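> Read off the chains here:
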Amino acid sequence: MSEVDTKTVESKIVEIVANQRRVDPAGLSLSDRLEDIEIESIDLVEIIFAIEDEFDIDVPQDRDAMKLDTLQDVVDGVQRLINEKNAA
Amino acid sequence: MHRVAITGLGCISALGHDANSHWRSAVEGVSGIGPITAIPPEKLKIHVAAEVKGFDAEKHFDPVKLAVIDPYSQYALVAAREAIADSGLTFDHGLHDDTAVIIGTGIGGAKTINEDSERIFGQGKIRTPPMSIPKLMPSAAASQVTMEYGLNGPAFGVTSACSSANHAIGEAYWMIKSGRARAAVTGGSEACLVFGSMLGWQALRVLSVDTCRPFCIDRKGMVLGEGAGVLVLERLEDAQARGARIYAEIAGMGMTSDAGSLTDPSAEGAARAIRQALDEAEIAPEGLHYINAHGTGTGQNDVAETKAIHLALGEAASQVAVSSTKSMHGHGLGAAGALEAVITARAIADQIAPPTANFTMADPECDLDYIPNAARSMTIDTALSNSFAFGGLNAVLAFRRLH
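Residue numbers (our numbering), protein chains in the order written: chain A, 1 to 88; chain B, 1 to 403.
In case anyone wonders, no lab produced these hints; they're calculated from the structure. Be careful, since some hints might not be right.
[Unchecked claim] With a Cα cut of at most 27 Å, we get these calculated DSSO-like pairs of lysine-lysine:
1. Lys220(B) <-> Lys85(A)
2. Lys220(B) <-> Lys125(B)
3. Lys85(A) <-> Lys43(B)
4. Lys7(A) <-> Lys67(A)
5. Lys12(A) <-> Lys85(A)
6. Lys67(A) <-> Lys12(A)
7. Lys125(B) <-> Lys43(B)
8. Lys67(A) <-> Lys65(B)
9. Lys43(B) <-> Lys53(B)
10. Lys220(B) <-> Lys45(B)
11. Lys59(B) <-> Lys45(B)
12. Lys125(B) <-> Lys65(B)
13. Lys307(B) <-> Lys67(A)
14. Lys43(B) <-> Lys220(B)
15. Lys85(A) <-> Lys67(A)
16. Lys45(B) <-> Lys85(A)
17. Lys85(A) <-> Lys7(A)
18. Lys43(B) <-> Lys67(A)
19. Lys53(B) <-> Lys307(B)
20. Lys12(A) <-> Lys45(B)
21. Lys45(B) <-> Lys67(A)
Predicted model, so just to flag it, every value in this text is computed and none were measured.
Build out the structure end to end from the sequences listed, making use of the hints.
And the structure:
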């Protein structure tokens, strides 16, 4: 998972979120707010689990992970964690 | 109908190996939360828990018998022995046939499940130890207590996640009240600080990374605990006739379900359970002195519980003293209500309300009197102990001082 380009991260995350809500990924946009696409806290916990498994990263246990606003925020957070992991 | 007296207390928790140590630490605001030692830290992302410390099982049990007793049952037996000795009951003259044993647990033998899973999936073995099933079943603790004391009355385990112990104690209370049993050994037990279980809690993202700060603006979640609490209950008239010490009465019980979400608590469901407990105990909202809160320290519980207390008590909510002792003994899941019943009974007997420890600043959405950081000497004639479980299962006990 060392060479993951941004497009791959974006499409994987959209796929994970769409799968969690059982909706068509084509209907989601990175600017969507999680609240507006009816992602509740328990969905977010499931999504974080799927993201950790997919990218082999650890999302920190502090509460910040639960305060994400848009899908773009999720993508940025994941990209940052991947970069940190690759730098380590 | 019979009135129901608490005549014996037993406990093992992060605060100590007996009820008095558990109570004294809670009154002094000393937290039992610390680094997890049972699991290598590099395997976990959460590194704090309220572990039972320095428990040497071989000091309490015959090593041969120990092989078939999961730690969850060990804790229950240690607490039951203390509670029964404390009560002075001897179960003679046929009382053994009329004594109920009802012990709650969220999981049952978590350590046995964990070890068997490791053997099967980790080591690739195709055999488990033969006593795995009777060790891990969630009724094992109740059976162990009946066998040790020859108690032949109604006996079973009760399970409702974090409300298990309150449901167990409430059921025992009703059995005595209705005449079905004359005495009961009841409470809850949990020994859940094992690798597989910790990973499950981590994934849920409700655990705090540092400590448990119920009702505070900077709370970060709950801290897992473990242990057991056991109460001896008996008919008030029997207890008085034999001159037993009576800590308090159990006077009411409320149980409801939210029928809503697996993980989001409902203030209305909790409030209905509080009202039922008060109604049965004939306690008016303005006559309620102390609440031992469920108070897990999660974002959702503490706000919902505060709302529930407002809904149930109305204007009297601002007058009642509320504390969460989970800030010290952690969240013992199926043992939680029992660890808190021991404290609530002592709060009435000693006329001291224990504090909410680790308190910084209240969340604006949590606007009750939470007894921050220092115990309070006060009149406690009446008290509630709240338990609100995942899955929306609510159980509230009402206690009354005997005058």
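> Determine for every hint whether it applies to the structure shown.
Tested hints:
1. Lys220(B) <-> Lys85(A): holds, 25 Å
2. Lys220(B) <-> Lys125(B): violated, 40 Å
3. Lys85(A) <-> Lys43(B): Given pair Lys85(A), Lys43(B) holds - Cα atoms ~17 Å apart, limit 27 Å.
4. Lys7(A) <-> Lys67(A): holds, 23 Å
5. Lys12(A) <-> Lys85(A): holds, 18 Å
6. Lys67(A) <-> Lys12(A): holds, 20 Å
7. Lys125(B) <-> Lys43(B): OK: Lys125(B) and Lys43(B) at ~23 Å, within 27 Å.
8. Lys67(A) <-> Lys65(B): Violated, because 50 Å separates the two Cα atoms, which is more than 27 Å.
9. Lys43(B) <-> Lys53(B): holds, 21 Å
10. Lys220(B) <-> Lys45(B): At roughly 14 Å apart (the allowed maximum being 27 Å), Lys45(B) and Lys220(B) satisfy the hint.
11. Lys59(B) <-> Lys45(B): violated, 33 Å
12. Lys125(B) <-> Lys65(B): holds, 25 Å
13. Lys307(B) <-> Lys67(A): holds, 23 Å
14. Lys43(B) <-> Lys220(B): holds, 21 Å
15. Lys85(A) <-> Lys67(A): holds, 22 Å
16. Lys45(B) <-> Lys85(A): It holds: about 16 Å lies between the C-alpha atoms, which stays within 27 Å.
17. Lys85(A) <-> Lys7(A): holds, 18 Å
18. Lys43(B) <-> Lys67(A): With Cα atoms ~26 Å apart, Lys43(B) and Lys67(A) stay inside 27 Å; holds.
19. Lys53(B) <-> Lys307(B): Distance of about 35 Å is beyond 27 Å: violated.
20. Lys12(A) <-> Lys45(B): holds, 25 Å
21. Lys45(B) <-> Lys67(A): Holds, at about 19 Å.
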